[in-house]
Amino acid sequence: MADKQLFLDGVSIALNARVLVAVTHRVEVGEVLTVMGPSGSGKSTLLAYIGGFLDPAFSASGKVFSGKEEITALPAEERHAGILFQDPLLFPHMSVGGNLLFAIPPAVKGKAARLALVEEALDGVGLAGTASRDPDTLSGGQKARVALARVLLSAPRMLLLDEPFSKLDAELRSQMRELVFAKARTSRLPVVLVTHDEADAEAAGGRVIRVGQ
Amino acid sequence: MCSMLPRLGPPLAIAVLAGPILFGLAGTILPAFGYLPALGGTGFTLAHAEKLLTQPGIMMSALISLAAGLVTTAVSLGVVMLFIAGWAGTHIFSRIQHLVSPLLSVPHAAAAFGLAFLIAPSGMIARMLSPWLTGWERPPDLLIVNDPTGLSMIAGLIVKEIPFLLLIALAALPQVDLPRTRALAASLGYGRVAGFLHGVWPPLYRQMRLAVFAVVAFATSVVDVAAILGPTTPAPLAVRLVGWMNDPELSMRFFASAGALLQLCVSAAALLIWIALERLGAAMLRRLRRSGLRFRRDAWLRRAALAAMVTAAMTVLAGLATLAIWSFAGLWQFPDALPETFTAKTWMKTAPRLAAPLSVTLIVAAASTTLAIALTLLCLMRENETGRVAGRRALLFLYLPLLVPQAAFLFGLQLLFVFTGGVASLPALVLAHLTFVMPYVFLSLSDPWRAYDRRYEAIAAGLGKSRIATLLRVRLPMLSRAILVAAAVGFAVSVGQYLPTVLIGAGRLETITTEAVALASGGNRRVIGVYAFLQMLLPAAGFAVATLVPALVFRNRRAMRV
Amino acid sequence: MKKLLLAAAAFAAMTLPALAGEPDPEKWQEVLADARGETVYFNAWGGAENINAYLEWAGAELEKRYGVKLVHVKLDDTANAVAKVVAEKAAGRNEGGTVDLIWINGENFSSMKRQQLLFSPGWAEKLPNWRFVDVEDKPTIQTDFTVPVEGLESPWGMAKLVFFHDSARTDLASLPKSAKDLLAWAQQNPGRFTYPQPPDFIGSSFLKQVLSELVADRSVLLKPVDEASFDKTVAPLFSYLDELNPLLWRGGKAFPQNYPAMKQLLADNEVDIIFAFNPSEASSAIANGELPATVRSFTFPGGTLANTHFVAIPYNAAAKAGALVAADFLISPEAQARKQDPQIWGDPTVLAISKLHAADRARFETLDLGVATLKPDELGPALDEPHPSWMDRIETEWKRRYGAAH
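Protein chains in written order, with my numbering: chain A, 1430 to 1642; chain B, 60 to 621; chain C, 14 to 419.
What the hints contain is simulated information worked out from the structure, not anything from laboratory work.
Note that CB positions come from ideal geometry on N, CA and C, so glycine has one too.
Some hints could be false.
[To be verified] Only part of the chain B face toward chain A is listed, based on derived beta-carbon distances under 8 Å:
id	residue
1	R514
2	A520
3	M537
4	R540
5	F613
6	A618
7	M619
Could you put the whole structure together from the sequences, leaning on the hints where they help?
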């Protein structure tokens, strides 16, 4: 499992020849790299570059490795970079269980096996028995947990977090932070966290890169 | 494969939008100057243009068309402007908006018939008021419908263009900050209307400008409304033009082309005059601004705008209701307000003859709408790929089929289809409809598509889903309502097409609309009632499907409701 | 060179059978065999529901009996169908045209005949049912608006100008007996008369009726227009119209666009007198609930215009055999009797009742022509239609004087 570490080799992202982010760093599994910066500083473009969905308006260079494999040239869907945004973004036309089923890799065969995985994942985030619910009827914190369960079910190689706690209220925020970091550690995933909240960086405990200052 | 397809979108769309117009205009302009080798015209001459100018009343026809274009646009734009100025953000506004929106899908011909049945001396209004108020035992000898100056025709156009411009304005409204600008103007002591005109209108109008131009071009060259409500001594240019296009004499082909060219000039002149009027209006607004006048007592103006809006909407609705009554009427003599007897006889007698035109209507509308949706989706996917949103030039292409008068290029297009043997074939008709359906589908789908939160796609990609799976299982289902509404709009546009169907269908492919307009001259109100009622029913059914299907499929998904 | 010759030979081989394959009505069994399975596009005015319904019936019968599918292409002006054939000829589409059969007469026939756009040689007099046609007493069957028919079109129905009024509102005795009378009547009843706007066929026919009554020498009208004397010949017509038009419905500023629109005006009590080319039109309108049952017919004792309407086949029709079968069916005693029934359409037959078999004769004799239909002996003398060139010139002159006047 040790080969899932994330290596950013000379990654640099620019808009109209102005460099927004430049980083070379190795993120070990279970470790969190935090990118701090005010809104509009372009810090999220780093996640987009790693994830493979950078807007063509930006120009970027540098290599991204997952373990020994370079993924820079791969299309987004082959990078297996699980991402969480500040909104849970559950697919509104699917049930809670549908959202999770959608995430399970096709390698898991058989309806029963897939449904069992869904139940297990929901149980793991304290939402057992909600599979048939309309996601819009869940509370904000519940939605965030379903989003987390969804991304973990897709068997990602890394976790990209784009200010995922900023819309939660203070109490939920610290609970959610703990849950996410704990899950990342047990799943042995390297994590890149983008935030403007110092508390996030503290809780993450890893290296902090500051941009746009 | 799915990465290649979107690349084809924009060039295909441009071909669909501009191709028929370019070829059609060439097929019109060359013969206008005598060049049409197939008919023995190999040199260039001005003889046909000169003969055109000697036609009795030709200047009058051109003037009526020009005036109709300008007056229709000025009045409908004025009503929409003052209505938004006076009422945007109120309860009444949203209620009126819901009343007016469906009217957009009522075909022009049906609305025109409704108006004619309403305001004619023997029409519904005279019947309601007679004889108790007017003393009329027989219809008064008043020239209302088909009046020589075209006032009824202009009225018929205005009631249909108001919903169009209102919806265009509503689409552009979110891009100007209405509530805050209004608050700012109010804090400076400006009346509601004046504050709107100074602060909101100029940027809003800039967004709507092409649509307004389309109204000018349409109203100067409309055929169906003019044939139903317009003057006959002489008729507006476009109506006479279609007459010439159908003349048995060979030489009339050149002559009709010269007429089509004149139509192009009339519409262009109307647009130029409109642009001059824009300048004038802007200058007047500037002067007003400098004067600092506040116009705080504008309640009367607001009420007038509301009254005009409600009148326009109610006129169309009452007209449609009258059509429906006629379709079920037995003997109905003047001045009875309602028929002596109601009967389904007309419907039953007409029903067997409806099957063929109904199926052509449905096939052509479904095919052209499906193609338009597919093309639009390809273009929008391409937009996402390149990261460039279609700009002003692309918008101009979209509006091209609405800006060039139909009569001016469809005639040349028909000639082209005749020479290639494609005339009166279903594919040719679908293609001709596609040119007019495409702009509306694109305009109605592009906003929701662009407003879509693309982070959903990033999430799906992160979950390891391919682009095609993401498109089919996430983006399209989430946009299903918007796609169906765009399809309903396209369907309604296709159902309402008259001239393209008459010219490209060459009388062998008939739709409910061409049948209805063909019956117009016959004056059988009961049968017209049936056809016009159907004409209105089809788009309404389209919108019902577009609303009901997602509501049913996603009945347990709260976030999928509007 | 050799190649060219070969190509020419191949081309000839391809085209010759097509020419040789033209149906010959004298070999009727072959025509019937060819016609089976064909679709005939019948281009006919579609502004009257009763006629549309009649064609619906004819189409069903043709399909049932001969396997010919009849599609009624509804026109608002017959000229549109002629224009289509013209356009096809221009485009070199000399075969497989889109028009198979046209409802036609007068001006349009003359135009198509002159431009050689008609299926020839003459075929109409070779149709099996031609033997019943009344060529003896109905001269307009072989001379269409003075133009010899020569079998290039097949007769379908007879027309004579008659006037209708509502006897509940106007008294027959007070109604005009001639064009001159009509003007005097209009002076006393302004706004209560109108005519369809020329070039509508019925409207133009009204102009010809007035011209025929007022012209100094009626025989001039049977020859093509002589430009030198045209103005002088038509002067009485236009001085008449100068007086009449301001007295019309809507002051002559608007006109109904055709006969059905004018009929609606009588139904709405907007005018008192209307006219049609079909003597039993009023009876069928009553039967259809379009006019009150009190409507009656009258005519001018001095005579009114009479003519015949026909069906013709374009030279490039795709389904000539089918069109021949349809034309023949349309003059069959059964189809003609049904057409003359005012409950159906009410269009007078082109057949001679005396030539029919007893059973077919009974079909006609038992017809109830309706209260509003004049008997043949009450219809008055028939005036000959002027040469088609008159229609064209008068229409142009009318448009110049009144069609663009404000």
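Against the structure, the hints come out as follows:
no., hint, in the structure
1, R514, "holds, 5 Å"
2, A520, "holds, 4 Å"
3, M537, "holds, 6 Å"
4, R540, "violated, 10 Å"
5, F613, "holds, 6 Å"
6, A618, "holds, 4 Å"
7, M619, "holds, 5 Å"
Taken one by one, the earlier hints fail for this structure only at number 4.
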